[in-house]
Amino acid sequence: MREVWIVGIGATPVREHWDRSLRDLAWEAMHRALEEAAGLQPQALFVANMLAPLTAHQTHLGTLLADYAGLEGIEAVTVEAAGASGGMALRQAYLAVASGALDAALVVGVEKFTDVVGPEVEGAMAATLDADYEAEPGLTPAAQAAWLMQMYRERYNAPETAFMPFALLAHRHAVGNPYAMFRRAISEKHYRHGAPVAPPMTIFDMAPYADGAAAVFLAARDVLPPELPRPAVRIAGSAAATDRLALHDREDPLAFTAAARSFHRALEEAGASPHQVDFFEPFDLFGVYVPLTLEAVGYADPGQAWQDAERRFGLDGELPILTLGGQKARGFPGGAAGVFQVVEAVWQLRGQAGDNQIAHARVGVVQALGGPASTAVTHVLQRP
Amino acid sequence: MELARHWRLKKQRYALQGEVCPHCQTKIFPPRDICPACKQEARTDHTFSGRGKVVAFTVVTQPPKGYEAQAPYVVALVELEEGPRVTAQLTDLGDEEPYIGMPVEMVTRKLRTVEGERGIIVYGYKFRPRLTVAQRA
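For the record, the sequence lines run as chains H and L. Here the first sequence stands for residues 9 to 392, where the numbers follow this note's numbering. Here the second sequence stands for residues 31 to 167, where the numbers follow this note's numbering.
By construction, these hints were calculated from the structure, which means they are not laboratory data. Values in this document were obtained by computation on a predicted structure and should not be read as measured data. Misleading hints may appear alongside valid ones.
With the C-beta cut set under 7 Å, the calculated list includes, among others, these residues of chain H facing chain L [unchecked claim]:
#: 1; residue: H68
#: 2; residue: Y76
#: 3; residue: P127
#: 4; residue: E128
#: 5; residue: P145
#: 6; residue: A206
#: 7; residue: T210
Glycine is no exception: its CB is placed at the ideal position from the N, C-alpha and C atoms.
Chain H extracted, bound-state conformation:
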């Protein structure tokens, strides 16, 4: 396997981009990543997208975006794994370059949620569940996460504020992220008065569905030019795992087994221990996913991740998480979500994270989830 490096990144702000199309958003992110890549040309384009066939009536995104970006004739394909689409597209590009099949590849994640509203958005999101046995009875991803909150509190006798620290951390950290949708800290008072979505879940326990695009340019180490405009970051480990798709089919719905598997395999590949990780980006599409992930991978004991979490997982804590606002406050741009995590981790490792910079950050781990860890994709990123 060859060493694979990230030599360019790009993104759009995450917003309700009423005036911009899927291709327009994707192009902006791709263009910025290509600019940083100092003349390297991608041999393939991997598009991460979750819902365009349902929300934009558009399939065939690989060719659409390669064409629109002027990458005439290159290989291009869409990768879909629900919320983990971005992480999974990156992994496909990583495997292609690491194997020697390609020297350089571009990954772009893009989503347009706001061309449809309300029930159509919920319906598209529900298509990521088991359509026949979860979505047909009327379940939504938000309602499913509400069950997890209820089960967590019931099993561990946790208070109703158990998930609050993760919302507070995300909003606090998004203040320093110019691409974030909600750049405002929230207080306990705000949290306690959140509008209900699916009890006990409120709007502060879930990320806003929003538009955006993010891109990452990968190249094999041996084709890198001697001078790059930005420091390159190495993908030191990459791993994906799946679980039963339907939550009702899992022996323990709170176990997040795939999150643990992909995390440990990726760290093993990187030759790093969990203690060597300087920051971690778990997937907070729903706040409850964060403690379940931290407990599954071993950063907290079962039922304990919320205890003292604002201190332990803050920017100055023992393991900073959601360092630029996570999905909760940066916004959840579907297929771009997992690519955004990588872009933000690269900011940290290049020393470009501004007020949110983790001092001496050398190893960062990002994890994208499809559903409640139905798919989990983990990448270990390393500054040389």
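Model the placement of chain L on the given structure of chain H, informed by the hints.
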């Protein structure tokens, strides 16, 4: 219209027909032909009793398309007495608040109307507070 998609699930939707593994006796719903416990082939039909209890529940206030008229509705994780869990709405609750551990039983109800001029009505299982004891008396 998706007629075939709903038609071919009628035994599951109307009668909770699943499977029992001939090798390890695990009861399986929905049917998947490979036993999740022992990974061997399991194709023996088994009809579930429809009795179970609530493991988790919530109220959907932001429904998907096709479910707007029903919202708010209660959707629950129900554990069948034979072991498997299913996702289903709770119905006929009246003034009763659902709770974890609530005994429930399967009933057939309208799930939704598929939109369109000749839209079909999709029927399937929901669960109501268990009445079995009262019926026996």
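Going through the hints against the structure:
1. H68: Status violated, d = 23 Å.
2. Y76: violated, 29 Å
3. P127: At about 4 Å, which falls below the 7 Å cut-off, the nearest Cβ of chain L leaves the hint on P127 of chain H intact, so it holds.
4. E128: Hint holds; E128 of chain H Cβ to chain L Cβ min 5 Å, cut 7 Å.
5. P145: Nearest chain L Cβ about 5 Å off; hint holds.
6. A206: holds, 4 Å
7. T210: violated, 11 Å
Hints 1, 2 and 7 from the earlier list are contradicted by this structure; the remaining hints agree with it.
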